[in-house]
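Protein chains: 4
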Amino acid sequence: MIKVGIVGGTGYTGSELLRLIAQHPGAQVVAITSRNEDGLEVAKMFPALRGRLNLKFSDPAKTSLADCDVVFFATPHGVAMAQAPALLAAGVRVIDLAADFRIKDAAVFEKWYGMAHSAQDLLGEAVYGLPEVNRAAIRTARLVGMPGCYPTAMQLGFAPLLAQGHALVDESHLIADCKSGVSGAGRKAELGLLLAEASDNFKAYGVAGHRHLPETTQGLGAISGRSVGLNFVPHLVPMIRGILGTLYARILPEAMDVDFQTLYERHYHDEPFVDVMPAGSTPETRSVRASNMLRIAVHRPGAGDTLVVLVVEDNLVKGAAGQAVQCMNLMFGLAETSGLEQIAASP
Amino acid sequence: MIKVGIVGGTGYTGSELLRLIAQHPGAQVVAITSRNEDGLEVAKMFPALRGRLNLKFSDPAKTSLADCDVVFFATPHGVAMAQAPALLAAGVRVIDLAADFRIKDAAVFEKWYGMAHSAQDLLGEAVYGLPEVNRAAIRTARLVGMPGCYPTAMQLGFAPLLAQGHALVDESHLIADCKSGVSGAGRKAELGLLLAEASDNFKAYGVAGHRHLPETTQGLGAISGRSVGLNFVPHLVPMIRGILGTLYARILPEAMDVDFQTLYERHYHDEPFVDVMPAGSTPETRSVRASNMLRIAVHRPGAGDTLVVLVVEDNLVKGAAGQAVQCMNLMFGLAETSGLEQIAASP
Amino acid sequence: MIKVGIVGGTGYTGSELLRLIAQHPGAQVVAITSRNEDGLEVAKMFPALRGRLNLKFSDPAKTSLADCDVVFFATPHGVAMAQAPALLAAGVRVIDLAADFRIKDAAVFEKWYGMAHSAQDLLGEAVYGLPEVNRAAIRTARLVGMPGCYPTAMQLGFAPLLAQGHALVDESHLIADCKSGVSGAGRKAELGLLLAEASDNFKAYGVAGHRHLPETTQGLGAISGRSVGLNFVPHLVPMIRGILGTLYARILPEAMDVDFQTLYERHYHDEPFVDVMPAGSTPETRSVRASNMLRIAVHRPGAGDTLVVLVVEDNLVKGAAGQAVQCMNLMFGLAETSGLEQIAASP
Amino acid sequence: MIKVGIVGGTGYTGSELLRLIAQHPGAQVVAITSRNEDGLEVAKMFPALRGRLNLKFSDPAKTSLADCDVVFFATPHGVAMAQAPALLAAGVRVIDLAADFRIKDAAVFEKWYGMAHSAQDLLGEAVYGLPEVNRAAIRTARLVGMPGCYPTAMQLGFAPLLAQGHALVDESHLIADCKSGVSGAGRKAELGLLLAEASDNFKAYGVAGHRHLPETTQGLGAISGRSVGLNFVPHLVPMIRGILGTLYARILPEAMDVDFQTLYERHYHDEPFVDVMPAGSTPETRSVRASNMLRIAVHRPGAGDTLVVLVVEDNLVKGAAGQAVQCMNLMFGLAETSGLEQIAASP
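Protein chains in written order, with the numbering used here: chain A, 574 to 920; chain E, 574 to 920; chain L, 574 to 920; chain V, 574 to 920.
Possibly wrong hints are sitting among the right ones.
You can't tell identical chains apart in this list, so a pair holds if it fits in one copy or across any two.
[As the list claims (entries may be wrong)] Here are the simulated lysine to aspartate or glutamate pairs, EDC-like style, with alpha carbons at most 20 angstroms apart:
id, residue 1, residue 2
1, Lys629, Asp611
2, Lys629, Asp843
3, Lys576, Asp632
4, Lys576, Glu763
5, Lys617, Glu838
6, Lys617, Asp848
7, Lys677, Asp694
8, Lys617, Asp832
9, Lys617, Glu763
10, Lys635, Glu838
11, Lys677, Asp611
12, Lys761, Asp611
Honestly, the hints are just simulated from the structure, not real lab data.
Isolated chain A (complex conformation) (with noise of 0.2 angstroms):
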């Protein structure tokens, strides 16, 4: 049994690894931190984890996280880069859902995300936890950098296209057009989440510039090997949980014949949570909902010169914790599914 500890668990991140870390055969969690929170019960915060799970909040100042074999970090960005380095040092593996380690470049990090990087001899080893894409090298890491929500979704809908070894289509100019639930914004008192604004609404946001975009353009830049250049405009969807990518990208003159239903069907074909759809399918979020999986759907409108990619996930499951438990059963040679089986409660 796979001894978890869960640092900063009151967010949306937090209570979903509590849910799926609670239903796994394999692991249990037994510490979670929380600053403000010290000895409250966790399912007097989350009652739905009544009767599931008889733990409670410790302060972090008090806990001792070195006997966990592995330590999830649900907190904001900074917080892992902090505690890692000791909990490495005691031989604890540490899966980060924040962005502390999921970019490489430190000065890049720091541009985006405002602070100064306080790990980054640790950035090299850290492993980014795409297990589509990265599989072999989270099986033997100490330290996953999760990705995030958004950037999953880009990654994994625009990687069979980029992992050919040449171009397919116009890497310069990608566009990714993303649709999220609310709740990937977290758990925080927010004027603009509240239902009153945010329900029977629609918005973009961050059109300026969002932080997964750095992560995004490193990510595929790694899978195609060529630098991309990629919009991405988020948008605010008044639902709970789901994030839809809808992906445009110009086909190549040399492309033009390429089957790419057949590409990403065979791109995908062995991967446990990545379902290419039937040609024609416009893939719902709701068939993901409180699921670990990813599905995708290829269109070109008119049999033009556009493919048209979509791509649902759970942002809280697939997006997050989902994914973070598919690392870590691969870090400690699990079955990857081990679980994560949840079937999307649809409707």
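Given the structure of chain A, go ahead and fit chains E, L and V onto it with the hints provided.
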């Protein structure tokens, strides 16, 4: 492995049965019928099941269900009564999620449902599938009539009050103000259920008399051994799943000193799927979303003579498919919680 | 043109006042104060007002409201009582949308609102702003305390029953099961009001005792001339605007022959903003969305001894800002409906 | 007072026409037809109109519309083309909200709408009802074909870029990623539009080709005088009203120095219903909810070569009924804004 047949699997209770049984360690769906969808892959209609259920809908006229161990009817009222006799004769157990076997008095059934009852000889044998009330009878039943979604909430909410041998509240004047998500109306194309009509909106319906009323008064009478008077007003909530029942009962003068919190806690102490919350709680439907739990809180505002009992359940799980699987588990000697341990997905 | 000042215009009642008065033919907002937003263009905060209101928030310390004809307080409780005396002395009329002048008994106010009342000498003069009950007094009032949103629905829903000189129902045991959209909680950043928390969810709150209770029992007592007993349970609906009150009253034996439909129709026959719907109706909140109408339907299920009265209103309009404008119209001799004739936007 | 007839008043565009014209100072609905609802009071179907519209639906076969000044068709495609000739011959002006008179090329119409065009001789005369583009022609038109909801957003969003005489962006590869509330699908009972299916969910649809595509490319071509290439992907948002178009265009090298913010502001400077928001804005659909405003924001992420234009409108108002009233005002010499000055109801 229990071989399960489902008659009428294209509605919400049917698809919820599919979701639950596909994750059940001891049962497997071997046949699912639909008059209109013969030959269609189930996962085509319900993409959430892609990769998890390899089965096609089959025409009921062409499908033998006699090899099943148990057949669930997730059909309109009237279908189960027509087909149950032959199945029972073939040794198949039957669990009906419609109303055919809920009401003991055929005349009452016929009045409220507007159809003759063609299997009245089975009404005596049929067991009402409310485990917290009828557990022993369910274990040995061949034929189970599952409670409606509202009746489950109302009966489990009032039961501790009524089961004490003597009246604690004015049983002639119970009030159940109930609120349900729209999935309770079924998967049918009706104007009033459109998102454009039902969202950002709230209304009562069925005020003059809802079919779940006679079933509930029958059940409450069976619990108390006395006849009860109930006002039941259902409302439509702009959400997908969930029922909240707000139950009002006037405390009798001789019961003013009863500790109702303790009464409820004791009554449900050993129940795996009924959670009596601490005093002062206000249960939320999302705390049971997509799970088989039902949560109760007991209030006595101003220490006055009115008891207010709050009950939440997922209408499709504890109010329908989950409770039906719970009955199946009992009927086949499995652990009662088998396949029903999903934690509510919240948020 | 009536010169209107608004104190505290950044909440929902404030912004709704702005929307209504910007479309009012006989009134104009000349000043709007906010402690935090001094100098900010109002339309910057509320883009719906772009091009329709050319006004900036101003610091209350720097703003003289003595030139206004009327000042609306859309503030937290306690502000109006502090500022009303000076305004009244300057000849300005005052309409308070908070609770400062709702409750006649300062001790009751202090108990429920947890603050001392600093303008008790005005409580006698203050008129309760429910036009259908107090129209004549409002016309000549200098100071009006507007009803809360729930109290408006409950009082107008029960009033015809209680106003008959003799009791028709058991007035000691009225029940008001009320449901409100989240805007009723105000424009404040609280976790429980986030879309991710409150949508696809339903719950009761304030069961132990809500501040709108003493105001309502006071109002009902004033209508009937007798003391009344009321159980009031509010619920949070995942929608923006709207209240539905489901009111229950037990008919007295001597009133079993009363034609309650006719009683209600006659009572509200001449009211421009109260619509008694035909027998059998189930009013929907969207039928009054963004309008000042309140609709009522009267039911007597099974011709029994329980009356069920359904009341819908928009909590921000008839339950707050619209009713306040209605009072302003009365106070200044305008047509009562002036500026309040918007038809509900439905769907 | 303009006498208005409405053919097909039971859908959302029809009911929205009723709402707007009932509040219009210069027009009055004198007849409204419905094949199925002959004799039904309109306010019975649309309770929001109770007390505001005293009119019954009438059978079209029994209803003479020749006395009307103008007839609106809020019908399925194909009805207006059948009835317009006779009405025009009788001197009645016709405004069609369906697609019959949108597309100039009958062959294109017939390909996309799957029906023959029976009034091709009127296609030349019909004016496309987009006032910001065709104001002069609308003033003198007898027959107006109203734009679709998406085409209104796309054309007004791209128009300033295309109307400059020379190309500023790659006009062969425009992308319009559009998102609409469900009312855009009309008031029809379809499974996919149920709240239980469409809420807490997001999906694309019509990716292979949506009927609004040929209309939009025709319109954009008319604006620019050049042919344009457009990828248009519509999405379904779990909200009632509103469209957001996220438009992408690649800036040509020779136009990299253009100040697009100023270009847009100048283009729409005098328009009463188009609001170019300040640089950096992200318009929300609720800021135009139930109003005739359309708001635009212009972005150029990272000062790169991609322009991102955000456009919001209420699909039922500026995207349908409101714009139709705007055309009526022009056709009859009324103030263009008459009856259309409702401020968006937000929240």
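Item checked: Homo-oligomer pair classification [Asp843, Lys629; C-alpha up to 20 angstroms] -> For Lys629 and Asp843, the Cα distance exceeds 20 angstroms both inside one copy (40 angstroms) and across copies (24 angstroms).
Next item on the list: Could you place Lys617 and Asp832 in one of the four classes (within, between, both, neither) given a Cα distance threshold of 20 angstroms?
Entry: Intra 53 angstroms, inter 23 angstroms, cutoff 20 angstroms: neither.
Margin query: Cα distance capped at 20 angstroms. Does Lys635 pair with Glu838 within a copy, between copies, both, or neither?
Written below: neither (50 angstroms within a copy, 35 angstroms between copies)
Item checked: Up to 20 angstroms CA-CA - Glu763 versus Lys617, copy category -> between (22 angstroms within a copy, 18 angstroms between copies)
Next item on the list: Classify it for me, Lys629 with Asp611: is the Cα-Cα distance of at most 20 angstroms met within a copy, between copies, both or neither?
Entry: Answer is within; shortest intra-copy Cα gap is 7 angstroms, inter-copy 44 angstroms.
Item checked: Within, between, both or neither: Lys677, Asp694 at alpha-carbon 20 angstroms -> Classified as within: same-chain Cα gap 10 angstroms, cross-chain 66 angstroms, threshold 20 angstroms.
Item checked: Intra- versus inter-subunit Cα pairing at 20 angstroms for Lys617 with Glu838 -> between (45 angstroms within a copy, 17 angstroms between copies)
Margin query: Please sort Lys761 with Asp611 into within, between, both or neither, judging by C-alpha distance up to 20 angstroms.
Written below: within (19 angstroms within a copy, 26 angstroms between copies)
Checklist line | Identical-chain pair category, Lys576 with Glu763, by Cα at 20 angstroms | finding: neither (34 angstroms within a copy, 34 angstroms between copies)
Checklist line | Homo-oligomer pair classification [Asp632, Lys576; C-alpha up to 20 angstroms] | finding: For Lys576 and Asp632, the Cα distance is within 20 angstroms only inside one copy (18 angstroms; across copies 50 angstroms).
Check: Taking 20 angstroms as the upper bound on the Cα-Cα distance, should Lys617 and Asp848 be classified as within, between, both, or neither?
Finding: between (37 angstroms within a copy, 13 angstroms between copies)
Next item on the list: First find the shortest C-alpha distance between Lys677 and Asp611 inside one copy, then the shortest across copies, and answer within, between, both or neither for a cut-off of 20 angstroms.
Entry: neither (34 angstroms within a copy, 44 angstroms between copies)
The structure fails to meet hints 2, 4, 8, 10, 11 from the earlier list, while all remaining hints are met.
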